[in-house]
Every structure is written in C-alpha cells, then in structure tokens.
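Visitor: The listed protein sequences derive, respectively, from chains A and B.
So in the working numbering, spot 25 of the first sequence is number 29, and the numbers just go up one at a time.
So in the working numbering, spot 211 of the second sequence is number 269, and the numbers just go up one at a time.
FYI, nobody ran anything at the bench for these hints, they're computed from the structure.
Bear in mind the structure is a predicted one, so any value in this text is a computation, not a measurement.
We treat Cβ as the ideally placed atom computed from N, Cα and C, and that holds for glycine.
Be aware that a few hints might be false.
[As the list claims (entries may be wrong)] Calculated cross-link-like contacts (lysine to any residue; reagent style SDA-like; alpha-carbon spacing at most 25 Å):
{"hint": "1", "chain 1": "A", "residue 1": "Lys189", "chain 2": "A", "residue 2": "Arg144"}
{"hint": "2", "chain 1": "B", "residue 1": "Lys91", "chain 2": "B", "residue 2": "Ala108"}
{"hint": "3", "chain 1": "B", "residue 1": "Lys60", "chain 2": "B", "residue 2": "Ser72"}
{"hint": "4", "chain 1": "B", "residue 1": "Lys91", "chain 2": "A", "residue 2": "Asn88"}
{"hint": "5", "chain 1": "A", "residue 1": "Lys198", "chain 2": "B", "residue 2": "Glu61"}
{"hint": "6", "chain 1": "A", "residue 1": "Lys115", "chain 2": "A", "residue 2": "Lys157"}
{"hint": "7", "chain 1": "A", "residue 1": "Lys84", "chain 2": "B", "residue 2": "Glu216"}
{"hint": "8", "chain 1": "A", "residue 1": "Lys189", "chain 2": "A", "residue 2": "Ala142"}
{"hint": "9", "chain 1": "A", "residue 1": "Lys157", "chain 2": "A", "residue 2": "Glu204"}
{"hint": "10", "chain 1": "B", "residue 1": "Lys91", "chain 2": "B", "residue 2": "Asn117"}
{"hint": "11", "chain 1": "A", "residue 1": "Lys157", "chain 2": "B", "residue 2": "Ser72"}
{"hint": "12", "chain 1": "B", "residue 1": "Lys60", "chain 2": "B", "residue 2": "Asp86"}
{"hint": "13", "chain 1": "A", "residue 1": "Lys189", "chain 2": "B", "residue 2": "Leu89"}
{"hint": "14", "chain 1": "A", "residue 1": "Lys189", "chain 2": "B", "residue 2": "Asp82"}
{"hint": "15", "chain 1": "A", "residue 1": "Lys157", "chain 2": "B", "residue 2": "Leu80"}
{"hint": "16", "chain 1": "B", "residue 1": "Lys60", "chain 2": "A", "residue 2": "Gly171"}
{"hint": "17", "chain 1": "B", "residue 1": "Lys91", "chain 2": "B", "residue 2": "Arg118"}
{"hint": "18", "chain 1": "B", "residue 1": "Lys91", "chain 2": "A", "residue 2": "Pro184"}
{"hint": "19", "chain 1": "A", "residue 1": "Lys189", "chain 2": "B", "residue 2": "Leu80"}
{"hint": "20", "chain 1": "A", "residue 1": "Lys157", "chain 2": "A", "residue 2": "Gln139"}
{"hint": "21", "chain 1": "B", "residue 1": "Lys91", "chain 2": "A", "residue 2": "Glu204"}
{"hint": "22", "chain 1": "B", "residue 1": "Lys60", "chain 2": "A", "residue 2": "Pro184"}
{"hint": "23", "chain 1": "B", "residue 1": "Lys91", "chain 2": "A", "residue 2": "Lys115"}
{"hint": "24", "chain 1": "B", "residue 1": "Lys91", "chain 2": "B", "residue 2": "Glu110"}
{"hint": "25", "chain 1": "A", "residue 1": "Lys115", "chain 2": "A", "residue 2": "Arg51"}
{"hint": "26", "chain 1": "A", "residue 1": "Lys84", "chain 2": "B", "residue 2": "Arg213"}
[Stated by the list, open to error] In silico negatives: residues of chain B with every beta carbon more than 12 Å from chain A:
{"hint": "27", "residue": "Ala101"}
{"hint": "28", "residue": "Glu110"}
{"hint": "29", "residue": "Tyr239"}
{"hint": "30", "residue": "Val257"}
{"hint": "31", "residue": "Val270"}
[Stated by the list, open to error] Here are the simulated distance ranges between beta carbons:
{"hint": "32", "chain 1": "A", "residue 1": "Glu206", "chain 2": "B", "residue 2": "Glu110", "range": "49 to 57 Å"}
{"hint": "33", "chain 1": "B", "residue 1": "Arg233", "chain 2": "A", "residue 2": "Thr47", "range": "31 to 39 Å"}
{"hint": "34", "chain 1": "A", "residue 1": "Asp45", "chain 2": "B", "residue 2": "Pro236", "range": "54 to 62 Å"}
{"hint": "35", "chain 1": "B", "residue 1": "His201", "chain 2": "A", "residue 2": "Glu32", "range": "34 to 42 Å"}
{"hint": "36", "chain 1": "A", "residue 1": "Arg194", "chain 2": "B", "residue 2": "Glu81", "range": "23 to 31 Å"}
{"hint": "37", "chain 1": "A", "residue 1": "Ala205", "chain 2": "B", "residue 2": "Glu220", "range": "52 to 60 Å"}
{"hint": "38", "chain 1": "B", "residue 1": "Ser74", "chain 2": "A", "residue 2": "Ala197", "range": "21 to 29 Å"}
{"hint": "39", "chain 1": "B", "residue 1": "Arg233", "chain 2": "A", "residue 2": "Asn88", "range": "50 to 58 Å"}
{"hint": "40", "chain 1": "B", "residue 1": "Pro222", "chain 2": "A", "residue 2": "Ala141", "range": "53 to 61 Å"}
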Amino acid sequence: MGAGEIMTSMTTRVAAVDEAPSQRASREDEERWVEAARAGDATAFRRIVEAHHRALYRMTVRMIGDAVEAEDLVQDSFAKAYVNLVRFDPSYRLSTWLHRIALNTCRDYLKSSRRRERAEPDRDRVDERAPPDEQVAAWRTAERVHAALARLKPSHREVIVLKDLEGLSYPEIREIVGSPITALKIRAIRARAKLRQYLEAEP
Amino acid sequence: MKERVRRWIDGELSASEARELLEDAERDPALAKELADARSLSASLSALPAPEPPDDLVNRAVLRAVRHRAAIEASTPEWKRWLARVLEPRTIRVRVLPLAALALCAIATALWVARDRVVVETERTVEITDAAVRLVLPAEGAHTVAVAGDFNDWRTDETFLEDPEGDGVFTATLRLPPGSYAYMFVVDGEEWVTDPYAVNHRDDGFGNRNAVLRID
C-alpha cells in the first residue's frame, strides 16, 4: 500500500461518518432555523433536531456505551439546546455547539449514580440485515472495541470518539472539548496507545 | 516518532512526507511496528458499526424540548410567584362576629371624624372558587393513567387518574382556576393519548392533537 493509497483510505473513513447529502443543511438554513427556534418556533427547532440527531446519538452511544440511555441523553441534550438557543453565538457552527452540549450531558451522566445503577448496558446495535455468521463476527469485533473503549478514561475516549470515529477536525474538537489543540494531539497519541493496549488484552 | 505517526494517521502529512515515513519504516523495525499497530487500530475502529437512532427519536426529542422550555418559561422569579400566590383565586371567608366590635369601633370613629359624612360598610362573605373538572378515560388493561398539561408543567408523574371500580375506566377531578389548558393522558407512563371526550383541541405542531380545557 503506497502513501497515496493510505492517505485516501484515511480520508474515506472520515467521510463515511458524515451525514448523507440529503440530510445536510446549509448554513443559511440553519441560521434561519436558529432565529425562528429562538423565538419559540418548534417546527424550526424540529429541522435542527432532524439535521443533527444522528451525529449526537452516535457520539452519545460511543461515549457512554449504552444505546438505551443514549436515547434519553440525546433528548436531554436537545431540550437544553432549545432553552439555551438565545445564548448561541452564530459565529460558531451549530453542530459544534450541539456536540458540546451533548458531550457535557455525557460527562454528567458518566459521573452520575444513575450510570452506576445500570448493571448491563445495551451497547451498540449491530446491523440486523447481515447474515448470521457475519453478524456474530461483527458483534464480536464491536464488543472487543467497545470493551476497550469503555476502559479508557473519559478524556481519552472523547478524543477517540470525536477524532477517530466521528472524523472531526482538531479545531472542531477544541471547541467541543474545551482543550487547546496541542493538548488534544498529545491526548490522541496517549489515548490510541492505551486503546491498542486494551484491545490486545481483550480475548 | 509518535507525533510523526499521529500526523500520518490524522492525514496531516503531505504525500512526500508520508512516502518518506514509509521508506524510513523499511529501515527502522520499531517505526514499522508502530505504523502496523496504528493501521491495525484504525481498522478495528473502522469495523465498528455506526449506531443508528430509533425512528421516533426526533419526535421524542422535540416533544421533550418543547415541554422543557415551556416549563422553564413558566417558572418565574420568586417575587412574581409570590404575587401570583396572592392574586390566585381562593376562598375568602370573613367571619362576622369576631369583627363586629372592630366594625362598630370603626363606624363610631368614622362618625366622629366625619360627622357630616356617614359611611356604613356592610360585611360580606366573598367566595371565589376554582372550577371542578372531571376527566375520564376508558383504558382497559392499563396500570396507570396520568394527565399531563399546562396546569402541571406537563409532568407525567404528578396527576394520576384512578380506577376505583377496577373496570378500566380511569377518572380524576381537577380543580382549576379559569383559563385554557392543553393536556394529554399518559397511559402506563409512555403512551400519549388524546382525551376522546374533549370538545376543544389544539395542534401541538408535530402531528398530535392536544385536548384543551376551557374554564370561563
């Protein structure tokens, strides 16, 4: 594999996590929705939810490792967003702002007693259309990675989820996580090393 | 070395820098292992299925957000709540006998102070009460039926209907001040049901019809 091919493969992986074109909204659309939703237009807010709920759900499931709880947390995140839209600075990207709210919701959940009370979280959903053998293999691989991810400390998991799984840029992650880019890059090196170590330890 | 590998993984190296890195790896087994590990991790992460949200998540998220915002906006500063409590409709009973002496004194004083203008106040009982509203929902097989609406900040765990006969007909009597209130029934904590006997309705903007109580 040449360097060019490797570069291409990295870019493809990142692009794969973006929303489908039909689900993308233009910045002008979003500005209009935000303005209307601020004034209490629930239909405009619904457009915002439709455009961003997949990304927020994905990030939340991967951060907390529990698909059922993630549904609840995503609803909480949007509820906070709707109340706080008046404070949203339009010079930032709406998706970054929503991710920050959702990440803070995840952080609160991870620190809460509610999380400790749930003994067996429902992890990721595996594609049910896959043939049984493939489904089992995919499930096992996903379980190994999830188990390793779950062992990471939250600040390391944040970088893996946002950078390696969601494919966001470091400037975007800086806005979401609230850490300088240099610190994030160092954290990425350490988080990946830890994740490799945990993956090798998984049966 | 680690920063260089990170830049490679994150796609920050130019094509020539990436080529140079791979050439270096051919001569450096430690670097070659580092690249192989990084590639292996990348493959493991790529194999993760992307979690797909359930179909009704948008509806639920919007509904919760709208209700949350309505509840927040309904909560007002302490002094406003105090004022609302003072002004809210209530039963006021003025007991005549204990006040009789005071009233006579007041009348005597008034007569003395304004001998040419005699004013006699009559005592009265003022009674302003909330209206009683009876809600009924036939829901055979249901364990709980709650009502959530403008009058309880759309809480689903506060006002419950009861089924004293055990025949699946749940009822509750609410006492509400005059006004207009949108509401829905919540069966077993999760199924939102419009009151089948409601006369007035209001669209909630999401394809559902809230029942509306109007108390004049």
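Visitor: Taking the hints in turn, state whether each one holds.
Guide: Each hint, compared with the structure:
no.: 1; hint: A/Lys189 - A/Arg144; verdict: violated, 30 Å
no.: 2; hint: B/Lys91 - B/Ala108; verdict: violated, 29 Å
no.: 3; hint: B/Lys60 - B/Ser72; verdict: holds, 17 Å
no.: 4; hint: B/Lys91 - A/Asn88; verdict: violated, 48 Å
no.: 5; hint: A/Lys198 - B/Glu61; verdict: holds, 15 Å
no.: 6; hint: A/Lys115 - A/Lys157; verdict: holds, 12 Å
no.: 7; hint: A/Lys84 - B/Glu216; verdict: holds, 22 Å
no.: 8; hint: A/Lys189 - A/Ala142; verdict: violated, 30 Å
no.: 9; hint: A/Lys157 - A/Glu204; verdict: holds, 17 Å
no.: 10; hint: B/Lys91 - B/Asn117; verdict: violated, 49 Å
no.: 11; hint: A/Lys157 - B/Ser72; verdict: violated, 32 Å
no.: 12; hint: B/Lys60 - B/Asp86; verdict: holds, 14 Å
no.: 13; hint: A/Lys189 - B/Leu89; verdict: holds, 19 Å
no.: 14; hint: A/Lys189 - B/Asp82; verdict: holds, 23 Å
no.: 15; hint: A/Lys157 - B/Leu80; verdict: violated, 32 Å
no.: 16; hint: B/Lys60 - A/Gly171; verdict: holds, 20 Å
no.: 17; hint: B/Lys91 - B/Arg118; verdict: violated, 48 Å
no.: 18; hint: B/Lys91 - A/Pro184; verdict: violated, 29 Å
no.: 19; hint: A/Lys189 - B/Leu80; verdict: holds, 21 Å
no.: 20; hint: A/Lys157 - A/Gln139; verdict: violated, 29 Å
no.: 21; hint: B/Lys91 - A/Glu204; verdict: holds, 14 Å
no.: 22; hint: B/Lys60 - A/Pro184; verdict: holds, 19 Å
no.: 23; hint: B/Lys91 - A/Lys115; verdict: violated, 37 Å
no.: 24; hint: B/Lys91 - B/Glu110; verdict: violated, 35 Å
no.: 25; hint: A/Lys115 - A/Arg51; verdict: violated, 31 Å
no.: 26; hint: A/Lys84 - B/Arg213; verdict: holds, 17 Å
no.: 27; hint: Ala101; verdict: violated, 9 Å
no.: 28; hint: Glu110; verdict: violated, 6 Å
no.: 29; hint: Tyr239; verdict: holds, 18 Å
no.: 30; hint: Val257; verdict: holds, 24 Å
no.: 31; hint: Val270; verdict: holds, 17 Å
no.: 32; hint: A/Glu206 - B/Glu110: 49 to 57 Å; verdict: violated, 25 Å
no.: 33; hint: B/Arg233 - A/Thr47: 31 to 39 Å; verdict: holds, 34 Å
no.: 34; hint: A/Asp45 - B/Pro236: 54 to 62 Å; verdict: violated, 29 Å
no.: 35; hint: B/His201 - A/Glu32: 34 to 42 Å; verdict: violated, 49 Å
no.: 36; hint: A/Arg194 - B/Glu81: 23 to 31 Å; verdict: holds, 27 Å
no.: 37; hint: A/Ala205 - B/Glu220: 52 to 60 Å; verdict: holds, 56 Å
no.: 38; hint: B/Ser74 - A/Ala197: 21 to 29 Å; verdict: holds, 27 Å
no.: 39; hint: B/Arg233 - A/Asn88: 50 to 58 Å; verdict: violated, 35 Å
no.: 40; hint: B/Pro222 - A/Ala141: 53 to 61 Å; verdict: holds, 56 Å
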